[in-house]
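> Sequence:
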Amino acid sequence: MKTNLVALILIALSITSLSAQNIPAGSAIDLMLIKGEYNKVTDTCRQILAYDSLNHEIYYKMGIAYQNELEEDSALNCYYQAARLNPGNKTYNFILAKGYYAKGNFKAAQPLLNELCLIDSLKWVYAYYLTGIYMQTGRYDEAINIYKRFMERDSSNCVYIDKIAYANIKKEEFENAIRLYNKSLSINDKDLTAIKNLAYLYSLAGRADTAIQLLTRGIEIESTDLDLYLSRASLYYAGHYTNSAMDDYMVVLSSGDSAKLYLKRIGIAYCNNLQPEEGINYLLKAYNKDPSDYETCSYLGQSYYKMKDMDNSIYYYNKEIEILTPVVRQLGLSYILLGESQKDNGIYREAIDSYKKSLGLKPDLNIYLIIANLYDEKLKDRRKAIYYYQKFLDNLKNGQKDFTPEYTETIKQRLAFLKTKPAN
-8 MKTNLVALIL IALSITSLSA QNIPAGSAID LMLIKGEYNK VTDTCRQILA YDSLNHEIYY
52 KMGIAYQNEL EEDSALNCYY QAARLNPGNK TYNFILAKGY YAKGNFKAAQ PLLNELCLID
112 SLKWVYAYYL TGIYMQTGRY DEAINIYKRF MERDSSNCVY IDKIAYANIK KEEFENAIRL
172 YNKSLSINDK DLTAIKNLAY LYSLAGRADT AIQLLTRGIE IESTDLDLYL SRASLYYAGH
232 YTNSAMDDYM VVLSSGDSAK LYLKRIGIAY CNNLQPEEGI NYLLKAYNKD PSDYETCSYL
292 GQSYYKMKDM DNSIYYYNKE IEILTPVVRQ LGLSYILLGE SQKDNGIYRE AIDSYKKSLG
352 LKPDLNIYLI IANLYDEKLK DRRKAIYYYQ KFLDNLKNGQ KDFTPEYTET IKQRLAFLKT
412 KPAN
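-8 is the number that my numbering gives to position 1 of the sequence shown; each next residue is one higher, with no gaps.
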(Lines of atoms letter the chains of each structure in order from A and count residues from 1; the text may use other names and numbers.)
(Lines give C-alpha, C1' and ligand atoms only; values in the text may rest on other atoms or scores of the structure.)
Protein backbone atom coordinates (compact mmCIF):
# COMPACT_ATOMS: atom_id res chain seq x y z
CA MET A 1 0.00 0.00 0.00
CA LYS A 2 2.84 2.35 0.88
CA THR A 3 4.46 1.81 -2.57
CA ASN A 4 1.15 2.37 -4.36
CA LEU A 5 0.56 5.53 -2.40
CA VAL A 6 3.98 6.94 -3.35
CA ALA A 7 3.39 6.17 -7.03
CA LEU A 8 0.00 7.86 -7.00
CA ILE A 9 1.53 10.92 -5.36
CA LEU A 10 4.20 11.08 -8.10
CA ILE A 11 1.54 10.89 -10.82
CA ALA A 12 -0.47 13.61 -9.16
CA LEU A 13 2.60 15.82 -8.87
CA SER A 14 3.50 15.37 -12.56
CA ILE A 15 0.02 16.45 -13.53
CA THR A 16 -0.51 19.32 -11.10
CA SER A 17 2.86 20.82 -12.03
CA LEU A 18 1.19 22.15 -15.17
CA SER A 19 -0.84 24.58 -13.15
CA ALA A 20 -1.25 25.86 -9.67
CA GLN A 21 -4.95 25.01 -10.00
CA ASN A 22 -6.43 21.59 -9.36
CA ILE A 23 -6.77 20.30 -12.97
CA PRO A 24 -8.28 16.82 -13.64
CA ALA A 25 -5.86 14.27 -15.16
CA GLY A 26 -7.61 14.26 -18.57
CA SER A 27 -7.56 18.04 -18.82
CA ALA A 28 -3.92 18.18 -17.78
CA ILE A 29 -3.03 15.71 -20.55
CA ASP A 30 -5.04 17.79 -23.01
CA LEU A 31 -2.95 20.81 -22.08
CA MET A 32 0.23 18.83 -22.68
CA LEU A 33 -1.08 17.78 -26.09
CA ILE A 34 -1.90 21.37 -26.99
CA LYS A 35 1.60 22.44 -25.98
CA GLY A 36 3.14 19.61 -28.03
CA GLU A 37 4.67 17.89 -25.01
CA TYR A 38 4.10 14.42 -26.46
CA ASN A 39 6.82 12.58 -24.53
CA LYS A 40 5.40 14.01 -21.33
CA VAL A 41 1.93 12.82 -22.35
CA THR A 42 3.06 9.25 -22.97
CA ASP A 43 5.02 9.14 -19.71
CA THR A 44 2.04 10.44 -17.75
CA CYS A 45 -0.39 8.07 -19.48
CA ARG A 46 1.82 5.07 -18.79
CA GLN A 47 1.95 6.00 -15.09
CA ILE A 48 -1.83 6.33 -14.93
CA LEU A 49 -2.44 3.06 -16.80
CA ALA A 50 -0.17 1.24 -14.38
CA TYR A 51 -2.93 1.75 -11.77
CA ASP A 52 -5.95 2.22 -14.04
CA SER A 53 -5.46 -0.23 -16.92
CA LEU A 54 -9.11 -0.02 -18.01
CA ASN A 55 -9.07 3.70 -18.72
CA HIS A 56 -9.99 3.91 -22.41
CA GLU A 57 -9.67 7.71 -22.51
CA ILE A 58 -6.05 7.58 -21.36
CA TYR A 59 -5.24 4.98 -24.06
CA TYR A 60 -6.83 7.26 -26.65
CA LYS A 61 -4.86 10.33 -25.56
CA MET A 62 -1.62 8.34 -25.46
CA GLY A 63 -2.37 7.18 -29.01
CA ILE A 64 -2.70 10.80 -30.13
CA ALA A 65 0.69 11.60 -28.57
CA TYR A 66 2.34 8.62 -30.26
CA GLN A 67 0.79 9.57 -33.60
CA ASN A 68 2.19 13.08 -33.34
CA GLU A 69 5.59 11.54 -32.64
CA LEU A 70 5.10 9.44 -35.83
CA GLU A 71 5.19 6.22 -33.82
CA GLU A 72 2.34 4.72 -35.83
CA ASP A 73 2.48 1.17 -34.46
CA SER A 74 2.36 2.36 -30.85
CA ALA A 75 -0.47 4.77 -31.69
CA LEU A 76 -2.46 2.02 -33.38
CA ASN A 77 -2.04 -0.27 -30.39
CA CYS A 78 -3.33 2.46 -28.06
CA TYR A 79 -6.36 3.06 -30.29
CA TYR A 80 -7.02 -0.65 -30.35
CA GLN A 81 -6.97 -0.79 -26.55
CA ALA A 82 -9.31 2.22 -26.30
CA ALA A 83 -11.78 0.68 -28.76
CA ARG A 84 -11.58 -2.70 -27.01
CA LEU A 85 -12.40 -1.14 -23.65
CA ASN A 86 -15.19 1.04 -25.07
CA PRO A 87 -16.41 -0.76 -28.23
CA GLY A 88 -19.37 1.56 -28.83
CA ASN A 89 -17.28 4.70 -29.08
CA LYS A 90 -17.43 6.00 -32.65
CA THR A 91 -14.36 8.20 -32.24
CA TYR A 92 -12.20 5.29 -31.12
CA ASN A 93 -13.50 2.97 -33.81
CA PHE A 94 -13.01 5.52 -36.55
CA ILE A 95 -9.46 6.49 -35.62
CA LEU A 96 -8.59 2.79 -35.32
CA ALA A 97 -10.13 2.11 -38.76
CA LYS A 98 -8.10 4.97 -40.24
CA GLY A 99 -4.96 3.51 -38.70
CA TYR A 100 -5.64 0.12 -40.25
CA TYR A 101 -6.49 1.79 -43.57
CA ALA A 102 -3.20 3.71 -43.61
CA LYS A 103 -1.31 0.44 -43.16
CA GLY A 104 -3.28 -1.26 -45.93
CA ASN A 105 -4.93 -3.64 -43.47
CA PHE A 106 -8.32 -3.43 -45.15
CA LYS A 107 -9.48 -6.69 -43.61
CA ALA A 108 -9.32 -5.10 -40.14
CA ALA A 109 -10.54 -1.65 -41.21
CA GLN A 110 -13.61 -2.67 -43.21
CA PRO A 111 -15.74 -4.19 -40.39
CA LEU A 112 -15.21 -1.06 -38.30
CA LEU A 113 -16.17 1.20 -41.20
CA ASN A 114 -19.17 -0.96 -42.07
CA GLU A 115 -20.42 -0.62 -38.51
CA LEU A 116 -19.88 3.14 -38.52
CA CYS A 117 -21.73 3.50 -41.83
CA LEU A 118 -24.65 1.48 -40.44
CA ILE A 119 -24.84 3.88 -37.50
CA ASP A 120 -24.60 6.95 -39.73
CA SER A 121 -25.00 6.09 -43.40
CA LEU A 122 -24.77 9.70 -44.55
CA LYS A 123 -21.57 10.73 -42.82
CA TRP A 124 -19.20 11.28 -45.74
CA VAL A 125 -15.97 10.79 -43.83
CA TYR A 126 -16.95 7.20 -42.97
CA ALA A 127 -18.06 6.50 -46.54
CA TYR A 128 -14.88 8.06 -47.92
CA TYR A 129 -12.67 5.43 -46.28
CA LEU A 130 -15.03 2.53 -46.91
CA THR A 131 -15.32 3.35 -50.62
CA GLY A 132 -11.55 3.78 -50.68
CA ILE A 133 -11.26 0.13 -49.64
CA TYR A 134 -13.79 -0.90 -52.29
CA MET A 135 -11.96 1.03 -55.01
CA GLN A 136 -8.56 -0.40 -54.08
CA THR A 137 -9.90 -3.96 -54.02
CA GLY A 138 -11.77 -3.77 -57.33
CA ARG A 139 -15.28 -3.62 -55.84
CA TYR A 140 -16.26 -0.68 -57.99
CA ASP A 141 -20.02 -1.27 -58.07
CA GLU A 142 -20.18 -1.33 -54.27
CA ALA A 143 -18.35 1.99 -54.17
CA ILE A 144 -20.66 3.43 -56.84
CA ASN A 145 -23.74 2.46 -54.80
CA ILE A 146 -22.45 4.43 -51.82
CA TYR A 147 -21.50 7.44 -53.96
CA LYS A 148 -24.98 7.42 -55.50
CA ARG A 149 -26.56 7.50 -52.04
CA PHE A 150 -24.76 10.76 -51.35
CA MET A 151 -25.44 12.17 -54.81
CA GLU A 152 -29.18 11.60 -54.36
CA ARG A 153 -29.05 14.00 -51.41
CA ASP A 154 -26.88 16.55 -53.21
CA SER A 155 -27.08 16.09 -56.97
CA SER A 156 -24.97 19.17 -57.68
CA ASN A 157 -21.97 18.03 -55.63
CA CYS A 158 -19.16 17.46 -58.12
CA VAL A 159 -17.15 15.39 -55.61
CA TYR A 160 -19.71 12.58 -55.73
CA ILE A 161 -20.15 12.83 -59.51
CA ASP A 162 -16.39 12.71 -60.05
CA LYS A 163 -16.07 9.70 -57.74
CA ILE A 164 -18.69 7.77 -59.72
CA ALA A 165 -16.99 8.81 -62.97
CA TYR A 166 -13.63 7.56 -61.75
CA ALA A 167 -15.15 4.23 -60.72
CA ASN A 168 -16.48 3.96 -64.27
CA ILE A 169 -12.96 4.55 -65.59
CA LYS A 170 -11.72 1.67 -63.43
CA LYS A 171 -14.53 -0.48 -64.88
CA GLU A 172 -13.43 0.65 -68.37
CA GLU A 173 -16.88 2.11 -69.00
CA PHE A 174 -15.38 5.19 -70.59
CA GLU A 175 -18.50 6.62 -72.22
CA ASN A 176 -20.27 6.75 -68.85
CA ALA A 177 -17.21 8.38 -67.30
CA ILE A 178 -17.08 11.03 -70.06
CA ARG A 179 -20.78 11.79 -69.60
CA LEU A 180 -20.38 12.19 -65.83
CA TYR A 181 -17.29 14.38 -66.02
CA ASN A 182 -19.04 16.61 -68.55
CA LYS A 183 -21.95 16.84 -66.11
CA SER A 184 -19.50 17.97 -63.43
CA LEU A 185 -18.10 20.65 -65.72
CA SER A 186 -21.63 21.87 -66.52
CA ILE A 187 -22.07 22.46 -62.77
CA ASN A 188 -18.57 23.75 -62.04
CA ASP A 189 -16.53 24.76 -65.05
CA LYS A 190 -13.42 25.01 -62.84
CA ASP A 191 -13.49 21.38 -61.68
CA LEU A 192 -9.87 20.43 -62.30
CA THR A 193 -10.45 16.77 -61.44
CA ALA A 194 -13.03 16.53 -64.21
CA ILE A 195 -10.81 18.48 -66.63
CA LYS A 196 -7.78 16.23 -66.06
CA ASN A 197 -9.68 12.96 -66.30
CA LEU A 198 -11.72 14.08 -69.30
CA ALA A 199 -8.52 15.03 -71.09
CA TYR A 200 -7.17 11.56 -70.33
CA LEU A 201 -10.33 9.90 -71.64
CA TYR A 202 -10.38 11.98 -74.82
CA SER A 203 -6.71 11.18 -75.45
CA LEU A 204 -7.55 7.46 -75.11
CA ALA A 205 -10.31 7.94 -77.67
CA GLY A 206 -7.87 9.53 -80.12
CA ARG A 207 -9.29 13.03 -79.61
CA ALA A 208 -5.99 14.68 -78.75
CA ASP A 209 -7.08 18.16 -79.89
CA THR A 210 -10.06 18.11 -77.51
CA ALA A 211 -7.83 16.86 -74.70
CA ILE A 212 -5.33 19.68 -75.34
CA GLN A 213 -8.14 22.26 -75.30
CA LEU A 214 -9.30 20.95 -71.92
CA LEU A 215 -5.80 20.99 -70.45
CA THR A 216 -5.28 24.55 -71.73
CA ARG A 217 -8.51 25.52 -70.00
CA GLY A 218 -7.21 23.88 -66.82
CA ILE A 219 -3.94 25.85 -67.02
CA GLU A 220 -5.92 29.08 -67.35
CA ILE A 221 -7.74 28.14 -64.13
CA GLU A 222 -4.67 26.97 -62.18
CA SER A 223 -1.41 28.02 -63.78
CA THR A 224 0.70 26.40 -61.05
CA ASP A 225 -0.59 22.85 -61.58
CA LEU A 226 2.37 21.11 -63.22
CA ASP A 227 0.35 17.95 -63.97
CA LEU A 228 -1.64 19.95 -66.51
CA TYR A 229 1.53 21.11 -68.29
CA LEU A 230 3.00 17.60 -68.29
CA SER A 231 -0.17 16.04 -69.70
CA ARG A 232 -0.43 18.67 -72.42
CA ALA A 233 3.28 18.39 -73.24
CA SER A 234 2.94 14.64 -73.64
CA LEU A 235 0.05 15.08 -76.09
CA TYR A 236 1.90 17.75 -78.03
CA TYR A 237 4.97 15.52 -78.23
CA ALA A 238 2.96 12.49 -79.37
CA GLY A 239 1.43 14.67 -82.11
CA HIS A 240 4.92 15.83 -83.21
CA TYR A 241 4.27 19.40 -82.02
CA THR A 242 7.66 19.39 -80.37
CA ASN A 243 7.98 23.18 -80.03
CA SER A 244 4.69 23.40 -78.12
CA ALA A 245 5.76 20.44 -75.99
CA MET A 246 9.07 22.19 -75.31
CA ASP A 247 7.30 25.28 -73.96
CA ASP A 248 5.37 23.17 -71.45
CA TYR A 249 8.42 21.15 -70.42
CA MET A 250 10.30 24.43 -69.87
CA VAL A 251 7.62 25.48 -67.37
CA VAL A 252 8.14 22.20 -65.50
CA LEU A 253 11.93 22.60 -65.56
CA SER A 254 11.60 26.11 -64.14
CA SER A 255 9.81 24.59 -61.15
CA GLY A 256 12.93 22.58 -60.31
CA ASP A 257 11.87 19.23 -61.77
CA SER A 258 14.72 18.27 -64.11
CA ALA A 259 13.67 14.71 -64.98
CA LYS A 260 15.57 13.05 -67.81
CA LEU A 261 12.47 12.75 -70.00
CA TYR A 262 11.81 16.49 -69.99
CA LEU A 263 15.43 17.36 -70.74
CA LYS A 264 15.56 14.87 -73.58
CA ARG A 265 12.34 16.07 -75.18
CA ILE A 266 13.39 19.71 -74.99
CA GLY A 267 16.67 18.73 -76.66
CA ILE A 268 14.80 16.85 -79.39
CA ALA A 269 12.56 19.86 -79.97
CA TYR A 270 15.61 22.09 -80.50
CA CYS A 271 17.13 19.46 -82.78
CA ASN A 272 13.94 19.30 -84.89
CA ASN A 273 13.92 23.11 -84.95
CA LEU A 274 17.40 23.15 -86.50
CA GLN A 275 18.98 24.50 -83.31
CA PRO A 276 21.50 21.73 -82.58
CA GLU A 277 23.69 23.77 -80.25
CA GLU A 278 20.77 24.52 -77.90
CA GLY A 279 19.60 20.93 -78.23
CA ILE A 280 22.97 19.51 -77.20
CA ASN A 281 22.86 21.51 -73.97
CA TYR A 282 19.71 19.65 -72.85
CA LEU A 283 20.55 16.30 -74.45
CA LEU A 284 23.88 16.13 -72.59
CA LYS A 285 22.07 16.76 -69.29
CA ALA A 286 19.66 13.94 -70.15
CA TYR A 287 22.58 11.70 -71.13
CA ASN A 288 24.35 12.36 -67.83
CA LYS A 289 21.21 11.25 -65.99
CA ASP A 290 20.85 8.11 -68.11
CA PRO A 291 23.73 7.07 -70.41
CA SER A 292 21.76 3.94 -71.45
CA ASP A 293 19.06 5.85 -73.37
CA TYR A 294 19.70 5.08 -77.04
CA GLU A 295 17.34 7.84 -78.25
CA THR A 296 19.33 10.51 -76.42
CA CYS A 297 22.54 9.15 -77.99
CA SER A 298 20.97 9.16 -81.43
CA TYR A 299 19.90 12.81 -81.21
CA LEU A 300 23.28 13.78 -79.83
CA GLY A 301 24.84 12.07 -82.85
CA GLN A 302 22.52 14.02 -85.17
CA SER A 303 23.09 17.33 -83.41
CA TYR A 304 26.88 17.05 -83.48
CA TYR A 305 26.70 16.02 -87.14
CA LYS A 306 24.73 19.19 -87.96
CA MET A 307 27.42 21.18 -86.15
CA LYS A 308 30.15 19.44 -88.24
CA ASP A 309 31.61 17.90 -85.08
CA MET A 310 32.19 14.44 -86.53
CA ASP A 311 34.24 13.08 -83.63
CA ASN A 312 31.41 13.59 -81.14
CA SER A 313 28.84 12.49 -83.71
CA ILE A 314 30.70 9.20 -84.23
CA TYR A 315 31.11 8.76 -80.47
CA TYR A 316 27.39 9.02 -79.72
CA TYR A 317 26.30 6.95 -82.71
CA ASN A 318 28.65 4.22 -81.51
CA LYS A 319 27.09 4.54 -78.06
CA GLU A 320 23.65 4.08 -79.60
CA ILE A 321 24.79 0.97 -81.47
CA GLU A 322 26.39 -0.40 -78.30
CA ILE A 323 23.09 0.03 -76.43
CA LEU A 324 20.89 -1.41 -79.18
CA THR A 325 22.97 -4.42 -80.25
CA PRO A 326 21.90 -6.72 -77.36
CA VAL A 327 18.29 -5.61 -77.85
CA VAL A 328 18.39 -6.41 -81.57
CA ARG A 329 19.87 -9.84 -80.88
CA GLN A 330 17.19 -10.59 -78.30
CA LEU A 331 14.47 -9.34 -80.63
CA GLY A 332 15.72 -11.60 -83.40
CA LEU A 333 15.72 -14.59 -81.05
CA SER A 334 12.22 -13.69 -79.84
CA TYR A 335 10.91 -13.73 -83.42
CA ILE A 336 12.45 -17.17 -83.91
CA LEU A 337 10.84 -18.48 -80.72
CA LEU A 338 7.51 -16.97 -81.77
CA GLY A 339 7.85 -18.66 -85.14
CA GLU A 340 8.51 -22.01 -83.45
CA SER A 341 5.33 -21.68 -81.38
CA GLN A 342 3.30 -20.66 -84.45
CA LYS A 343 4.74 -23.54 -86.48
CA ASP A 344 3.90 -26.08 -83.78
CA ASN A 345 0.40 -24.60 -83.63
CA GLY A 346 -0.06 -25.20 -87.35
CA ILE A 347 -0.28 -21.53 -88.37
CA TYR A 348 2.48 -21.74 -90.94
CA ARG A 349 2.12 -18.42 -92.75
CA GLU A 350 2.27 -16.51 -89.45
CA ALA A 351 5.32 -18.59 -88.50
CA ILE A 352 7.03 -17.71 -91.78
CA ASP A 353 6.35 -14.00 -91.17
CA SER A 354 8.02 -14.26 -87.76
CA TYR A 355 11.03 -16.12 -89.19
CA LYS A 356 11.39 -13.47 -91.91
CA LYS A 357 11.41 -10.73 -89.27
CA SER A 358 14.21 -12.52 -87.47
CA LEU A 359 16.18 -12.66 -90.73
CA GLY A 360 15.75 -8.89 -91.09
CA LEU A 361 17.60 -8.49 -87.81
CA LYS A 362 20.21 -11.23 -88.19
CA PRO A 363 20.66 -13.58 -91.17
CA ASP A 364 20.73 -17.25 -90.17
CA LEU A 365 21.17 -20.21 -92.55
CA ASN A 366 18.98 -22.42 -90.37
CA ILE A 367 16.08 -19.99 -90.71
CA TYR A 368 16.37 -20.02 -94.52
CA LEU A 369 16.01 -23.80 -94.36
CA ILE A 370 13.08 -23.72 -91.95
CA ILE A 371 11.20 -21.29 -94.20
CA ALA A 372 12.05 -23.35 -97.31
CA ASN A 373 10.80 -26.53 -95.61
CA LEU A 374 7.53 -24.88 -94.56
CA TYR A 375 6.86 -23.64 -98.10
CA ASP A 376 7.89 -27.04 -99.50
CA GLU A 377 6.19 -29.49 -97.14
CA LYS A 378 3.36 -27.59 -95.45
CA LEU A 379 2.21 -24.93 -97.90
CA LYS A 380 3.18 -26.70 -101.15
CA ASP A 381 4.46 -23.42 -102.58
CA ARG A 382 7.14 -24.69 -104.96
CA ARG A 383 8.29 -21.27 -106.20
CA LYS A 384 8.95 -19.85 -102.72
CA ALA A 385 10.50 -23.09 -101.52
CA ILE A 386 12.96 -22.89 -104.44
CA TYR A 387 13.78 -19.27 -103.53
CA TYR A 388 14.64 -20.06 -99.90
CA TYR A 389 16.56 -23.26 -100.65
CA GLN A 390 18.61 -21.21 -103.09
CA LYS A 391 19.13 -18.48 -100.45
CA PHE A 392 20.47 -21.15 -98.12
CA LEU A 393 22.93 -22.43 -100.74
CA ASP A 394 24.00 -18.93 -101.82
CA ASN A 395 24.91 -18.04 -98.24
CA LEU A 396 26.34 -21.43 -97.37
CA LYS A 397 29.96 -20.33 -97.70
CA ASN A 398 29.54 -18.24 -94.53
CA GLY A 399 28.40 -21.23 -92.49
CA GLN A 400 29.81 -24.26 -94.28
CA LYS A 401 31.24 -25.71 -91.09
CA ASP A 402 27.74 -26.07 -89.60
CA PHE A 403 26.51 -28.45 -92.28
CA THR A 404 27.97 -31.73 -93.50
CA PRO A 405 28.62 -32.24 -97.22
CA GLU A 406 26.03 -35.05 -97.18
CA TYR A 407 23.35 -32.76 -95.78
CA THR A 408 24.21 -30.00 -98.24
CA GLU A 409 23.99 -32.47 -101.10
CA THR A 410 20.50 -33.48 -99.95
CA ILE A 411 19.38 -29.84 -100.16
CA LYS A 412 20.86 -29.48 -103.64
CA GLN A 413 19.04 -32.61 -104.79
CA ARG A 414 15.72 -31.36 -103.38
CA LEU A 415 16.20 -28.00 -105.08
CA ALA A 416 16.98 -29.64 -108.40
CA PHE A 417 13.87 -31.82 -108.09
CA LEU A 418 11.63 -28.81 -107.41
CA LYS A 419 13.08 -26.92 -110.35
CA THR A 420 12.29 -29.80 -112.71
CA LYS A 421 8.87 -30.53 -111.18
CA PRO A 422 5.98 -29.26 -113.32
CA ALA A 423 4.24 -26.18 -111.91
CA ASN A 424 0.85 -26.78 -110.28
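It is worth saying that the hints were derived from the structure and are not from the lab.
Hints are supplied without guarantee of correctness; some may be wrong.
[Claimed, not checked] Computed cross-link-like contacts, EDC-like style, restricted to lysine to aspartate or glutamate with a CA-CA straight-line distance of at most 20 Å:
#1 Lys299 <-> Glu331
#2 Lys388 <-> Asp372
#3 Lys251 <-> Glu269
#4 Lys353 <-> Glu400
#5 Lys410 <-> Glu341
#6 Lys382 <-> Glu400
#7 Lys297 <-> Glu269
#8 Lys410 <-> Asp355
#9 Lys94 <-> Asp43
#10 Lys89 <-> Asp111
[To be verified] Quick list of simulated restraints, FRET-style, between CB atoms:
#11 Ile178 <-> Glu28: 43 to 51 Å
#12 Asn179 <-> Glu60: 38 to 46 Å
#13 Asp64 <-> Ala250: 39 to 47 Å
#14 Asp64 <-> Gly123: 34 to 42 Å
These figures come from a predicted structure and were not determined experimentally.
Glycine included, C-beta positions come from ideal geometry on N, C-alpha and C.
> Determine for every hint whether it applies to the structure shown.
Results of checking the hints against the structure:
no.: 1; hint: Lys299 <-> Glu331; verdict: violated (47 Å)
no.: 2; hint: Lys388 <-> Asp372; verdict: violated (26 Å)
no.: 3; hint: Lys251 <-> Glu269; verdict: holds (16 Å)
no.: 4; hint: Lys353 <-> Glu400; verdict: violated (25 Å)
no.: 5; hint: Lys410 <-> Glu341; verdict: violated (26 Å)
no.: 6; hint: Lys382 <-> Glu400; verdict: holds (15 Å)
no.: 7; hint: Lys297 <-> Glu269; verdict: holds (12 Å)
no.: 8; hint: Lys410 <-> Asp355; verdict: violated (24 Å)
no.: 9; hint: Lys94 <-> Asp43; verdict: violated (30 Å)
no.: 10; hint: Lys89 <-> Asp111; verdict: holds (17 Å)
no.: 11; hint: Ile178 <-> Glu28: 43 to 51 Å; verdict: holds (47 Å)
no.: 12; hint: Asn179 <-> Glu60: 38 to 46 Å; verdict: holds (40 Å)
no.: 13; hint: Asp64 <-> Ala250: 39 to 47 Å; verdict: violated (35 Å)
no.: 14; hint: Asp64 <-> Gly123: 34 to 42 Å; verdict: violated (21 Å)
Hints 1, 2, 4, 5, 8, 9, 13, 14 from the list above are not met by this structure, while the remaining hints are.
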